[in-house]
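Construct all of the structure, not just a fragment, from the sequences and the given hints.
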Amino acid sequence: MAVEILKEKYRSKVGEVVLGATKEDGGTRSHTITVGGESALPYLHFEGEIPNRPVVALEVWDIVPEWNPCFEQYYGDVYNDPGAWAKKCVEEYGADLIQVRLKGADPDLKDHSPEDCAATVKKVLEAVSVPVMVIGCGKADKDNTIYNPIAEAAAGENLVMGVGELENYKAVTSACMANNHVVIAQSPIDINICKQLNILIAEMSPAMSTRIIIDPTVAALGYGIEYSYSIMERARNGALQGDKMLAMPMYGNAGFESWRQKEANISADEQPGWGEQEERGILWEATTAMAYLQSGIDILVMRHPEALKAIKGNIDDLMKNNSY
Amino acid sequence: MGLTGLEIYKHLPKTNCKDCGSPTCLAFAMALASGKASLDACPHVTDEAKEALDSASAPPIKLVTVGTGDHKVELGEETEIFRHDKRFFHPTGIAVLISDSEDVAAKAEQFDDLEFERVGMHYITDMVAIKCDSGDAGKFKEAVETVAGKTEKALILMTEDPAIMEGALEAVADRKPLVCAATSDNFEKMTELAKGKDCPLVVKGSDINDLAELVEKVVGLGHKELVIDSGARETSQVLADLTQFRRLAVRKKFRLFGYPALAVTTKDDPKEEIIQAGVYVSKYADVVVLKACEKQQLLPLLSWRQNLYTDPQKPIAVEAGLYDVGEPGEDAPVYVTTNFSLTYFIVEGEVESSRIPSRVLSVDTGGISVLTAYADNKFSAETITEAIKKCGLEDKVKHKKLVLPGHVAVLKGTLEEESGWEVMVGPREASGITKYAKDNFAGGVS
Numbered sequence: 001m002a003v004e005i006l007k008e009k010y011r012s013k014v015g016e017v018v019l020g021a022t023k024e025d026g027g028t029r030s031h032t033i034t035v036g037g038e039s040a041l042p043y044l045h046f047e048g049e050i051p052n053r054p055v056v057a058l059e060v061w062d063i064v065p066e067w068n069p070c071f072e073q074y075y076g077d078v079y080n081d082p083g084a085w086a087k088k089c090v091e092e093y094g095a096d097l098i099q100v101r102l103k104g105a106d107p108d109l110k111d112h113s114p115e116d117c118a119a120t121v122k123k124v125l126e127a128v129s130v131p132v133m134v135i136g137c138g139k140a141d142k143d144n145t146i147y148n149p150i151a152e153a154a155a156g157e158n159l160v161m162g163v164g165e166l167e168n169y170k171a172v173t174s175a176c177m178a179n180n181h182v183v184i185a186q187s188p189i190d191i192n193i194c195k196q197l198n199i200l201i202a203e204m205s206p207a208m209s210t211r212i213i214i215d216p217t218v219a220a221l222g223y224g225i226e227y228s229y230s231i232m233e234r235a236r237n238g239a240l241q242g243d244k245m246l247a248m249p250m251y252g253n254a255g256f257e258s259w260r261q262k263e264a265n266i267s268a269d270e271q272p273g274w275g276e277q278e279e280r281g282i283l284w285e286a287t288t289a290m291a292y293l294q295s296g297i298d299i300l301v302m303r304h305p306e307a308l309k310a311i312k313g314n315i316d317d318l319m320k321n322n323s324y
Numbered sequence: 001m002g003l004t005g006l007e008i009y010k011h012l013p014k015t016n017c018k019d020c021g022s023p024t025c026l027a028f029a030m031a032l033a034s035g036k037a038s039l040d041a042c043p044h045v046t047d048e049a050k051e052a053l054d055s056a057s058a059p060p061i062k063l064v065t066v067g068t069g070d071h072k073v074e075l076g077e078e079t080e081i082f083r084h085d086k087r088f089f090h091p092t093g094i095a096v097l098i099s100d101s102e103d104v105a106a107k108a109e110q111f112d113d114l115e116f117e118r119v120g121m122h123y124i125t126d127m128v129a130i131k132c133d134s135g136d137a138g139k140f141k142e143a144v145e146t147v148a149g150k151t152e153k154a155l156i157l158m159t160e161d162p163a164i165m166e167g168a169l170e171a172v173a174d175r176k177p178l179v180c181a182a183t184s185d186n187f188e189k190m191t192e193l194a195k196g197k198d199c200p201l202v203v204k205g206s207d208i209n210d211l212a213e214l215v216e217k218v219v220g221l222g223h224k225e226l227v228i229d230s231g232a233r234e235t236s237q238v239l240a241d242l243t244q245f246r247r248l249a250v251r252k253k254f255r256l257f258g259y260p261a262l263a264v265t266t267k268d269d270p271k272e273e274i275i276q277a278g279v280y281v282s283k284y285a286d287v288v289v290l291k292a293c294e295k296q297q298l299l300p301l302l303s304w305r306q307n308l309y310t311d312p313q314k315p316i317a318v319e320a321g322l323y324d325v326g327e328p329g330e331d332a333p334v335y336v337t338t339n340f341s342l343t344y345f346i347v348e349g350e351v352e353s354s355r356i357p358s359r360v361l362s363v364d365t366g367g368i369s370v371l372t373a374y375a376d377n378k379f380s381a382e383t384i385t386e387a388i389k390k391c392g393l394e395d396k397v398k399h400k401k402l403v404l405p406g407h408v409a410v411l412k413g414t415l416e417e418e419s420g421w422e423v424m425v426g427p428r429e430a431s432g433i434t435k436y437a438k439d440n441f442a443g444g445v446s
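Quick note, the sequences are listed as chains A and B, same order.
1 is the number of the first residue of the first sequence in my numbering; add one for each residue after it.
1 is the number of the first residue of the second sequence in my numbering; add one for each residue after it.
The set of hints was computed from the structure by calculation and includes no laboratory data.
Since this is a predicted model, take the numbers as computed values, not measurements.
Worth double-checking, as some hints may not be accurate.
[Stated by the list, open to error] Below, a list of computed lysine to aspartate or glutamate pairs in the DMTMM-like style, where the Cα atoms sit at most 25 Å apart:
(1) Lys7/A <-> Glu192/B
(2) Lys139/A <-> Glu429/B
(3) Lys438/B <-> Glu418/B
(4) Lys314/B <-> Asp190/A
(5) Lys267/B <-> Glu4/A
(6) Lys224/B <-> Glu4/A
(7) Lys217/B <-> Glu4/A
(8) Lys62/B <-> Glu192/B
(9) Lys217/B <-> Glu160/B
(10) Lys224/B <-> Asp161/B
(11) Lys142/A <-> Glu165/A
(12) Lys309/A <-> Glu294/B
(13) Lys217/B <-> Glu51/B
[Stated by the list, open to error] If you want the ones that stay clear, here's a sample from chain B, every Cβ over 12 Å from chain A, calculated:
(14) Thr24
(15) His84
(16) Ala105
(17) Leu301
(18) Thr385
(19) Asp395
(20) Lys398
Idealized CB from N, CA, C, for every residue including glycine.
Put into structure tokens, the structure is as follows:
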């Protein structure tokens, strides 16, 4: 019996955004990465195009992070050197790109100067040839002082920079505008704010409307993931139905969020009912990432090399054609 | 589902005979539409009309029950493609696989222990699947009996050989196991076995078209307690097939796919397998059979299932009241927060990791978070004072100090006046609690 396959007809698709720049375009990357472009819901190849596979970044910090001791064996030898750290992520662990988190800029931590931050980014750019993303320390007043020096120092590289928020998007957007970088627009698990922020950025510069990456805020498994999941499903449906201000590729810090949680970190001695810690942590992170792949994420930022490996395997599987 | 009174009325005799107890056929139709009457009350309705009404009012995906008593697992009866449109109803059954070629007793014992406590909720793997790899009917039956003796969980019996199935099914038929599976080669015999024992049956095709054909044949043999499996095992194809089942059943009322769906993982690496199973839990599988059986592997998967199947319309609340973290004494600190479960459990987790025994006072805000509740006047000097009195906090601690979330520091003055307690302003985010506790309460509350 031939079953009549139900294919959705969508009016529109997600916009494509190019990350990084090669020599021809004024950068120094060995290749660029294109994300977005989907004209179907996640991995439903039977009804549309998924032209670009989602990409997976690993995170590099500019200070020694206070991460779970299980990370020591992977990054312990490079914690003090963002360049070497980035190189290890790409060459040994297979990261598609690098996200530099300039945590050390935090005035309550190392209070790194804008120049120090720019120098860290330059160091990473020299150490690896993949596209690079850069985010601040999370304190808006300080972050607003570092965007410009970084954007200028890396002019031509087509960085991804963030984060812009509804209350504070102008500094990072203008730094990106002036130096042709891509901006991360972050909204707090709220589709209306997500859309509003994209509109505001596009109003600052129409050219920026094709240089936005949406960060819908990805909560960790067990801590609100279902809210983020549904917001992303709705945003992606909106994009496919023709809402241009939701039609940007999506991004999320799955590693950062997952490893903040007790379930990833607590030892088996303290919580024997939950089993061995490291594998549990890896799967807490990878399961979080899996859910976001199913709700339409385009760029995942991971932390544990094993979680990255498992999720890249899943992406390989999901990218196989399933046309009827 | 969702027929209007008028649509139902068309199928009724329209004689207004009152035999059903309603004054008119139309009134009866209205009562039927709102679920207040049963069609059985009308003695004159024709069989054709009955069938038309039954099938039109049936849910798009049938509810199928596996197992019995407290351990039964209900599958299906889903009505949505996206959880944000309403909600998903019956959480995917997670079945851990045992082969009859391994140490069945040891494994079955381990499986019964696969339950978790997390954020005040209890998670379990609901099912055990026993697969015949030995090709030996005696051995399979013995394995099934062993598992049945070790666990009360719902069972799935996996063999495509009816001769092997028969003995095992006979042994545990009263547990109402899921018989897995009928294929185009064995469906007559398998259907007879399952139907004879009144047990649900998996119908497994070689692809989605073959499956539809096979379901039609099995239904034709008179069995309707079915679970469907397209036979696909590659992640991407399974995702597509499960999506088609759900869409065709819900949108097109395609009856042949109006049954719960089963998916089986293939990955040998447990991490990859959990991720593969996660895809199927996310996208429409009603049962997933997998091999991974360690706690650290199943906890993330079961947590995802729990999260996905929550009702998006409903804030998840914990019961308001006073909670102990560790074994707090009279000088233990007291933290005040709301009864929105995410907020509460994050606070509780942070307080716990401070390793200073404490109490957390969860104020009834109707399950909404600190700032929202504050804006709504549900987290106010009055409601917090009431909560303090209600839980008898005064008798439990000898100090009179409370830690208030930093976000609502403005409440400090009025709360102190209203309650007579001294208010300490805590960190704005729960993530700051551990440090705050160590800085302030290392030697108890002074």
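Status of the hints after comparison with the structure:
1. Lys7/A <-> Glu192/B: The given pair, whose Cα atoms are some 36 Å apart, is violated under the 25 Å limit.
2. Lys139/A <-> Glu429/B: Distance ~14 Å between Lys139/A and Glu429/B Cα, so the pair holds.
3. Lys438/B <-> Glu418/B: Distance ~28 Å between Lys438/B and Glu418/B Cα, so the pair is violated.
4. Lys314/B <-> Asp190/A: The given pair, whose Cα atoms are some 17 Å apart, holds under the 25 Å limit.
5. Lys267/B <-> Glu4/A: violated, 30 Å
6. Lys224/B <-> Glu4/A: holds, 22 Å
7. Lys217/B <-> Glu4/A: At roughly 18 Å apart (the allowed maximum being 25 Å), Glu4/A and Lys217/B satisfy the hint.
8. Lys62/B <-> Glu192/B: Holds, because 20 Å separates the two Cα atoms, which is no more than 25 Å.
9. Lys217/B <-> Glu160/B: Holds, at about 17 Å.
10. Lys224/B <-> Asp161/B: holds, 21 Å
11. Lys142/A <-> Glu165/A: holds, 14 Å
12. Lys309/A <-> Glu294/B: holds, 20 Å
13. Lys217/B <-> Glu51/B: holds, 19 Å
14. Thr24: holds, 40 Å
15. His84: Nearest chain A Cβ is 4 Å from His84/B, so the label is violated.
16. Ala105: Since the minimum Cβ distance to chain A is about 21 Å, Ala105/B lies beyond 12 Å and the statement holds.
17. Leu301: violated, 7 Å
18. Thr385: Consistent with the label, Thr385/B stays out of reach of chain A, its closest Cβ about 30 Å off (over 12 Å).
19. Asp395: For Asp395/B, whose nearest Cβ neighbour in chain A is about 31 Å away, the distance exceeds 12 Å, so it holds.
20. Lys398: holds, 30 Å
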